[in-house]
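Note that the protein sequences, when read in sequence, are chains A and B.
Counting the first sequence from 1 gives a position; the working numbering is that position plus 5.
Counting the second sequence from 1 gives a position; the working numbering is that position plus 24.
Keep in mind the hints are simulated off the structure, nothing from the lab.
This one's a predicted model, so the numbers in the text were calculated from it and none came from an experiment.
Note that CB positions come from ideal geometry on N, CA and C, so glycine has one too.
All clues stand as given, with none of them false.
Simulated restraints on C-beta separations: (1) B:Leu202 / A:Glu105: 55 to 63 Å; (2) A:Val314 / B:Ala138: 22 to 30 Å; (3) B:Gly118 / A:Ser50: 46 to 54 Å; (4) B:Val131 / A:Ala39: 50 to 58 Å.
Derived coverage of chain A by chain B (criterion: at least 3 residues anywhere in the stretch with Cβ under 8 Å from a Cβ of chain B; other residues may be distant): (5) 138 to 145; (6) 273 to 285; (7) 327 to 337.
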Amino acid sequence: MLYREAGQFKTSYAADQSLFPIAQDKWGVLLLLAFAAFAVPMLASEYMLNSILVPFLVFSLAAIGLNILTGYCGQLSLGTGGFMACGAFFAYKLTIAFPEIHIVAIFLLSGLGTAFVGILFGIPSLRIKGFYLAVATLAAQFFLVWMFNKFGWWTNYSPSGVISAPPREVIPGVVVTGTSGTPEAKYLFLLVFVALLALLAKNLVRSRIGRTWMAIRDMDIAAEIIGIRPMFAKLSAFAVSSFFIGISGALWAFCYTGSVEALAFEINRSFQVLFMIIIGGLGSILGSFLGAAFIVLLPLALSNGMLAVDPTISVALVAHIEFMIFGALIVFFLIVEPHGLARLWNLAKEKLRLWPFPY
Amino acid sequence: MNLRTIAIWVLSVPVIIAALGYFHQGLAAAGLISFFTWTFYFEVILNGLLQGVMYSLVALGFVLIFKASGIFNFAQGSFVLFGALTMVGLMEMGLHWIIAFVLTAGVMVLVAIAVERVVLRPLVNQPHIILFMATIGIFYFMDGFGQTLWGSDVKVLDIGIPKDPIFLLPGVFDGGLLVNAFDVIAALCAALLVAVLAVFFQYTRTGRALRAVADDHQAALSVGIPLKTIWAIVWSVAGIVALVAGIMWGGKLGVQFTLALIALKALPVLILGGFTSIPGAIIGGLIIGAGEQVAENFVGSAIGGAIQDWFAYMLAMVFLLFRPQGLFGEKIIERV
Chain A
6 MLYREAGQFK TSYAADQSLF PIAQDKWGVL LLLAFAAFAV PMLASEYMLN SILVPFLVFS
66 LAAIGLNILT GYCGQLSLGT GGFMACGAFF AYKLTIAFPE IHIVAIFLLS GLGTAFVGIL
126 FGIPSLRIKG FYLAVATLAA QFFLVWMFNK FGWWTNYSPS GVISAPPREV IPGVVVTGTS
186 GTPEAKYLFL LVFVALLALL AKNLVRSRIG RTWMAIRDMD IAAEIIGIRP MFAKLSAFAV
246 SSFFIGISGA LWAFCYTGSV EALAFEINRS FQVLFMIIIG GLGSILGSFL GAAFIVLLPL
306 ALSNGMLAVD PTISVALVAH IEFMIFGALI VFFLIVEPHG LARLWNLAKE KLRLWPFPY
Chain B
25 MNLRTIAIWV LSVPVIIAAL GYFHQGLAAA GLISFFTWTF YFEVILNGLL QGVMYSLVAL
85 GFVLIFKASG IFNFAQGSFV LFGALTMVGL MEMGLHWIIA FVLTAGVMVL VAIAVERVVL
145 RPLVNQPHII LFMATIGIFY FMDGFGQTLW GSDVKVLDIG IPKDPIFLLP GVFDGGLLVN
205 AFDVIAALCA ALLVAVLAVF FQYTRTGRAL RAVADDHQAA LSVGIPLKTI WAIVWSVAGI
265 VALVAGIMWG GKLGVQFTLA LIALKALPVL ILGGFTSIPG AIIGGLIIGA GEQVAENFVG
325 SAIGGAIQDW FAYMLAMVFL LFRPQGLFGE KIIERV
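Whenever a hint applies, use it, and build me the whole structure from the sequences.
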């Protein structure tokens, strides 16, 4: 009964094209945001903020980035980890070299730098597609991680190869990076930042440029015939995607872990983000969030569940069973629901609309 | 691709090696790289080639599956690990390695059939990219499964292959070329495996059916070739190839998780050689192996070392820009 659209008439194109055309959706999202902004920091424990909500927000951003490239433009990339490393190390070098620049500007600049790197590694996509491209992006993954690991310049010659985020204030008195920031401040900063970027992504994918990406994804030859420039579409997808992934890498290093080495962005990180968008839903911004939540929560739930059943279980065994479940889930989702959790959510909404009548 | 092309490629390898050697000698003389001796150079090349054969061994499994079903099987690396783990596990139970090998081969066939049933059959007619992602899922599952069953510690796999260093051609080079006996035997095994596969494809009924399916699924179906059986067979053969690769790699490095990641090195080999060509997989492996070692030993030290982590991928990526189908691959006419 709650989810009924009767009486909601759209009288203008703007109303018809709006982000949330149904009033319940709009209010639901606003309420959720308000809850996340005001209630959560008061209710949630420090553990909850630090090890669930903050990584969830960071991963969501990475998933949005990869979703733009893979879900919207159809270019499979296994180089996500490398691009995240780019963002992290660019942000570190920038903020060390120019401490007076505001931290938000630093993040955006490192995103832009990553976008440039993304374009460089996206050039092969002009001639190759599919899994050939996936292998080419592995070059980015291995090369970038190697570079940040080998050259001391990136870590300011720290002997361990670890970068530690210096404390930076977003508004005077509120430190959001490094180890000195409070979890609440970090969480709120990330919430605002990620929400704004997600809004940007959502608007990008439903604008002209997003439609060119989807045309390339659905059938590149047809897209070229109707006048879409494949070069521009693919490279812009690589650029925008790397922009988001780079920022998420910077946020990972600055807000989530505080200090990070290049090896944290190994190939497994790429797979992790890829799993998020497959499980969450390819070609869906909402799906990126759902997938990120799922992948962040599942290991915690699994290890807690297994420890509850058998307290003597070894950590390694838990990790291996996690691997198995992840692999099985990927196959399961690809077979049963290729559009992921986002599609399930849509189905649920369709059902709610008609409830309690079947049709 | 015919015999003449292969001959030209094989013959051109020594010429290219010599040319690169002179180039390196020149660089050393100009002081750009640290040192150069011909003995060391050839030693590096030879060891690289032997290493490359090991890459080819993994790449073969990819090629088999890609040829027959158009699926790019990312999970081949985890098959390698799973095969090696199972074999070590069985040997630790006290079985002779030959019995363990036969049993493990049986397990690999079962795994192959399970993959065909559970994953491939429901995904028939899906885009290639979806199938590729499904194999990433299989990769994770098999990794976890193997290690859950057999534990994750590094295990020693010893089937009696000697590991002594041996010296080749002591008359020609000062002191001879130092190679590992194990690598030579591994290369011989790989050669034997390729020969067996070639005979199997060329002269048996099943082999002909496999080639027919590779050429055209629908045409093969319409003349009564059972597609699903063929897929099960191909995945089984790929599983057994993976097992052989696992034994070789496991014998060399010990059976551990990194085996699955080393198998990723087979991907650039494939790109270089072309996805559909068995000779391509071998020559690609040789080029990648030798190129990687030369780059690491003569150039790598100048820019920080450990460049073999990415050199193969970079080489493959640059190569793709100029010849997307690889050395021996089928030419893709569509270009976007």
